[in-house]
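A.B. asks: Sequence:
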Amino acid sequence: MTGHHHPEPEQRIRFCPLCGTPVENNFAFGELRPVCPACGWTYFEDPKVAVAVLVEKDGQVLLTQRLNVPFQGLWTLPAGFVNAHESPEKAAERECLEETGLIVKATRLVDILSGREHPRGADIFIAYQAEIIGGELRAGDDAGHVAFFSRDALPPLAFETTRKILFREGQNPPCDQK
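Following the numbering used here, the numbering of the sequence shown begins with 1 at its first residue and continues without gaps.
Hint data in this document are derived by calculation from the structure and do not stem from the laboratory. There's no promise every hint is true.
[Unchecked claim] Derived DSS-like pairs (lysine-lysine); straight-line CA-CA distance at most 30 Å:
{"id": "1", "residue 1": "Lys164", "residue 2": "Lys105"}
{"id": "2", "residue 1": "Lys164", "residue 2": "Lys48"}
{"id": "3", "residue 1": "Lys90", "residue 2": "Lys48"}
{"id": "4", "residue 1": "Lys57", "residue 2": "Lys90"}
{"id": "5", "residue 1": "Lys105", "residue 2": "Lys48"}
{"id": "6", "residue 1": "Lys105", "residue 2": "Lys90"}
{"id": "7", "residue 1": "Lys90", "residue 2": "Lys164"}
{"id": "8", "residue 1": "Lys164", "residue 2": "Lys57"}
{"id": "9", "residue 1": "Lys57", "residue 2": "Lys105"}
Model the full structure from these sequences, guided by the hints.
C.D. replies: And the structure:
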């Protein structure tokens, strides 16, 4: 994943959520942050966390075609954001069900990657190996199509994180996927 320039603190939040006073940008805890001059509340931007599942069947990997921007029409692993109070494993299983109709069980941590690939993307990306335990393959949620592909005959991929997960540990991508 590549780095992304985050908005300056004054573009993220303008008023204190506790007392409604306009915040001021001050150095707090080592960096410039919105701070309430009335009550001292300090804004900390939490990282966005996304998860994905690597599902393999008969030597092929499960991919979803994106319906939404960015990278609309390109393919990626079943993935999405972790909700508040949700474990990453359960989020990965939920996203797979929502996007593919398949019920899966996360069985192994594959990788943790960091860096935002686009302005609405994740800062932390966690990928799990998963096995199919039920359901029926169908496109759902924000997936236009879902299908299994051989690693040597992949459709155009949306994200660098997908490439990194599919081609790790010395596996070489086909020339058109580099």
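A.B. asks: Determine for every hint whether it applies to the structure shown.
C.D. replies: Each hint, compared with the structure:
1. Our distance criterion of 30 Å between C-alpha atoms is met by Lys164 and Lys105, whose separation comes to about 22 Å.
2. For the proposed pair Lys164 and Lys48, the alpha carbon gap of about 19 Å is at most 30 Å, so the pair holds.
3. Proximity of Lys90 to Lys48 is assessed by CA-CA distance (about 16 Å); at most 30 Å being required, the pair is judged to hold.
4. With a C-alpha separation of about 21 Å, the suggested pair Lys57 and Lys90 falls inside the 30 Å cut-off, and the hint holds.
5. A hinted pair counts as satisfied when its Cα atoms are at most 30 Å apart, and Lys105 with Lys48 qualifies at roughly 23 Å.
6. With a C-alpha separation of about 9 Å, the suggested pairing of Lys105 with Lys90 holds against the 30 Å cut-off.
7. Under the criterion of a C-alpha separation no larger than 30 Å, the hint pairing Lys90 with Lys164 is consistent with the structure, at around 22 Å.
8. Among the hinted pairs, Lys164 with Lys57 is consistent with the structure: their alpha-carbon atoms are about 19 Å apart, no more than 30 Å.
9. For the hint pairing Lys57 with Lys105, the CA-to-CA distance comes to about 14 Å; that is within 30 Å, so the pair holds.
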